[in-house]
Amino acid sequence: MLAIISNVLRGTASRNGARVVVSARTYADFTPQASFDIKKCDVHKLEEGPPLQAVLTREEGLQYYRTMQTMRRMELKSDQLYKQKIIRGFCHLYDGQEACAVGIEAGINLTDHLITAYRAHGYTLTRGGTVREIMAELTGRRGGIAKGKGGSMHMYTKHFYGGNGIVGAQVPLGAGVALACKYLGKNELCVCLYGDGAANQGQIFETYNMASLWKLPCIFICENNKYGMGTSVERAAASTDYFKRGDFIPGLRVDGMDVLCVREATKFAAEHCRSGKGPILMELQTYRYHGHSMSDPGISYRTREEIQEVRSKSDPISMLKDRMLSNNMASVEELKEIDVEVRKEIEDAAQFATTDPEPPLDDLLRGTNPWTKLKSVS
Amino acid sequence: RMTMSRALMHFNAASRATNPPLTFTGTEIEEQVFIADTHCMNVSAGPTQKMNLFQSVTSALDNTLAGDPTAVIFGEDVAFGGVFRCTVGLRDKYGKDRVFNTPLCEQGIVGFGIGAAAAGATAIAEIQFADYIYPAFDQIVNEAAKYRYRSGNMFDCGKLTIRAPWGCVGHGSIYHSQCPEAFFTHCPGIKIVVPRGPVQAKGLLLSCIADQNPCIFFEPKILYRAAVEQVPTEAYQIPLSQAEVLQEGSDLTLVAWGTQVHVLKEVAAMAQEKLGVSCELIDLRTILPWDTETVCKSVVKTGRLLISHEAPVTGGFAAEISSTVQEECFLNLEAPISRVCGYDTPFPHIFEPFYIPDKWKCFEAVKRMINY
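Chains as they are written, first to last, in full-length UniProt numbering: chain A, 1 to 378; chain B, 1 to 372.
Keep in mind the hints are simulated off the structure, nothing from the lab.
Since the structure is predicted, the reported quantities are computational estimates derived from the model, not experimental observations.
The C-beta atom is built at its ideal place from N, Cα and C for all residues, glycine as well.
Where hints are given, some of them may not hold.
Claimed, not checked - Quick list of simulated restraints, FRET-style, between CB atoms:
| # | chain 1 | residue 1 | chain 2 | residue 2 | range |
| --- | --- | --- | --- | --- | --- |
| 1 | A | PHE248 | B | ASP138 | 23 to 31 Å |
| 2 | A | ASP241 | B | GLY95 | 45 to 53 Å |
| 3 | A | SER239 | B | GLN326 | 51 to 59 Å |
| 4 | B | LYS146 | A | SER312 | 54 to 62 Å |
| 5 | B | LYS96 | A | ASP241 | 35 to 43 Å |
| 6 | B | LYS96 | A | ASP79 | 27 to 35 Å |
| 7 | B | PHE112 | A | SER300 | 24 to 32 Å |
| 8 | A | ALA180 | B | PHE330 | 48 to 56 Å |
| 9 | A | ALA180 | B | THR324 | 30 to 38 Å |
| 10 | A | ARG274 | B | PHE137 | 33 to 41 Å |
| 11 | A | SER300 | B | ARG225 | 13 to 21 Å |
| 12 | A | LYS45 | B | PHE112 | 24 to 32 Å |
| 13 | A | LYS215 | B | PHE137 | 30 to 38 Å |
| 14 | B | GLY115 | A | LYS45 | 53 to 61 Å |
What the hints assert, rightly or not - Using 25 Å as the maximum straight-line C-alpha spacing, the simulated SDA-like pairs for lysine to any residue come out as follows:
| # | chain 1 | residue 1 | chain 2 | residue 2 |
| --- | --- | --- | --- | --- |
| 15 | A | LYS375 | B | GLU266 |
| 16 | B | LYS93 | A | ASN109 |
| 17 | A | LYS226 | B | LYS96 |
| 18 | B | LYS96 | A | ALA238 |
| 19 | A | LYS39 | A | ASN109 |
| 20 | A | LYS83 | B | PRO353 |
| 21 | A | LYS45 | A | TYR161 |
| 22 | B | LYS297 | A | ASN109 |
Please model the entire structure based on the sequences and the hints provided.
Here's what the structure looks like:
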């Protein structure tokens, strides 16, 4: 009995001891905030662009780091589970593009609306989903964010409209949401994302016209990761200046690998929309490390060297980490601690996703007309 | 129905109990996805090569590009070989002006194909998945199908062929498993063809390309690798609008197309073994215009008809067949015509094994018809 008590006390003591070491450095030694130079955004039909400097506080930095690291580890874990055939179907991974999701969310409020295409795991997380729900959805279990019926491409949260499989089809939907925002007068806006491949779809241009005509509070964002599946942008588009494709809609070209750049640009765009000036277009230049989906190795249309180069020079997480460490905004141990916590969270989520039961058979009918007698055999 | 839910419970319990990866290789499901024909029918002799479905499509396209200097192939990602390897090697062999990629724009692809065909090129357009064909629906229905009619035969886009992977694949879910043939059957002016295997695919595709009308050729994607046959390397054609009787029988007629033909092959074997019922199996092959004569002649002989397809039952093509057959063969029918199809829901992710009209559902329907 005494042994148990002493063990417990010793445990707390050692934990307190470790915390004492860290907390002695937390408040006194770290820089609370710093200002960073960010890349200038190319503009189209705008007098000026977003500011060239961004202020990052310690709390914000740690939060962005944690979210991006969670996203990264979650995608890598999904890769693993897919190869083990625990996740089946289609799986489009977001690693490399974390700065986009985190930066955008930092520039808008949770009450604003967002819609994207199928590379949606990152946005599901930033829009309020938990890693557990996301991974359980990937494995098709009842604890999933769409009750296991949607899968990788169809994840939704409040004010996040998915998760859409058909390329480009979500853009007119986003304009519709923006119309509702304007109509209801709550000063909300809609962020409407699509990729460089989708930018060549006809319905995108129809949407540009409608949004501009009716001055809808819509931020169109083209996540240009240089490849539409296996086709490079040069081979798919007559004009690769995606931020200019809106023609009469003002545009910005943003460095999508820098979370601060994305945040400042999003804030700028949100301000533009909320002031009633109508839609605005942002092109985020980003990169995905994985192939288009899990069935694409990702190296038949680009070289391993190219992927390595982006990883070493422009990785969003490394960039943020270097910035914080070199300005003494965090310590290496602190970030490592976050890594450990994130790893544990992902492991727990994966465990849950693997062991949760599948949705019940009644769910096959839910969501369709409940009064229709469903027949398979006439 | 009780047998089915028990089977599904067993399926779920097994997968949960041991948590094995849900593999579709070498399990019961994949072995019975494709059952080869016992003998080659209606196809000319000549040197043959072992090919699977996507290789037979490549072979057909190869023959076309070799024999027809106006032939061009285009679509998303066809240049490197296509996401299902149907166009591997063709760009290197015939040049980048004959096999080229398009941007991501289905409406544009088909519209472009119609124009190219109207101007005299043999245009073979690929839509990456049949699920993505809907942006092109207007072009197909309003432009392609009506071109000859509205121009008084001055223009036509008969040289257009649209190819698309079609049907359930085990893990495709909502947007990679659809069978949209029913939407297009409501449109006079186009032809719709679905093969059941490599030999059929090559012959039917070459017929579609040669045909003077715009054709849509749906390729069952689950059979791309699973279906392997000895396919003639030379070009050959299988006539369109001719259904094929795969197995003669006297008690019941089974009609299907594409992957479902193989399911019904099994059902016919089960019916013979367990019920002593002799089934006549018909592969429709061309969905529009379909071979009413073969099907009706068969129903006159047997008196019972079962039609099966993966697409949802309401408004599926089985309804059209059923309606025509009851008009033509009313007095010959011994039992109501049975349709075993998918449920009226979007194609599910996790519930696919329950959704598809598998052999058990079909067998159940056979039993009911025999005992009517």
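These are the hints, each one checked on the structure:
no. : hint                            : in the structure
1   : PHE248/A / ASP138/B: 23 to 31 Å : 26 Å, holds
2   : ASP241/A / GLY95/B: 45 to 53 Å  : 30 Å, violated
3   : SER239/A / GLN326/B: 51 to 59 Å : 57 Å, holds
4   : LYS146/B / SER312/A: 54 to 62 Å : 57 Å, holds
5   : LYS96/B / ASP241/A: 35 to 43 Å  : 25 Å, violated
6   : LYS96/B / ASP79/A: 27 to 35 Å   : 34 Å, holds
7   : PHE112/B / SER300/A: 24 to 32 Å : 26 Å, holds
8   : ALA180/A / PHE330/B: 48 to 56 Å : 54 Å, holds
9   : ALA180/A / THR324/B: 30 to 38 Å : 47 Å, violated
10  : ARG274/A / PHE137/B: 33 to 41 Å : 38 Å, holds
11  : SER300/A / ARG225/B: 13 to 21 Å : 19 Å, holds
12  : LYS45/A / PHE112/B: 24 to 32 Å  : 31 Å, holds
13  : LYS215/A / PHE137/B: 30 to 38 Å : 31 Å, holds
14  : GLY115/B / LYS45/A: 53 to 61 Å  : 33 Å, violated
15  : LYS375/A / GLU266/B             : 22 Å, holds
16  : LYS93/B / ASN109/A              : 55 Å, violated
17  : LYS226/A / LYS96/B              : 22 Å, holds
18  : LYS96/B / ALA238/A              : 18 Å, holds
19  : LYS39/A / ASN109/A              : 24 Å, holds
20  : LYS83/A / PRO353/B              : 21 Å, holds
21  : LYS45/A / TYR161/A              : 29 Å, violated
22  : LYS297/B / ASN109/A             : 68 Å, violated
Going down the numbered hints, you'll see the structure goes against 2, 5, 9, 14, 16, 21, 22, while the others check out.
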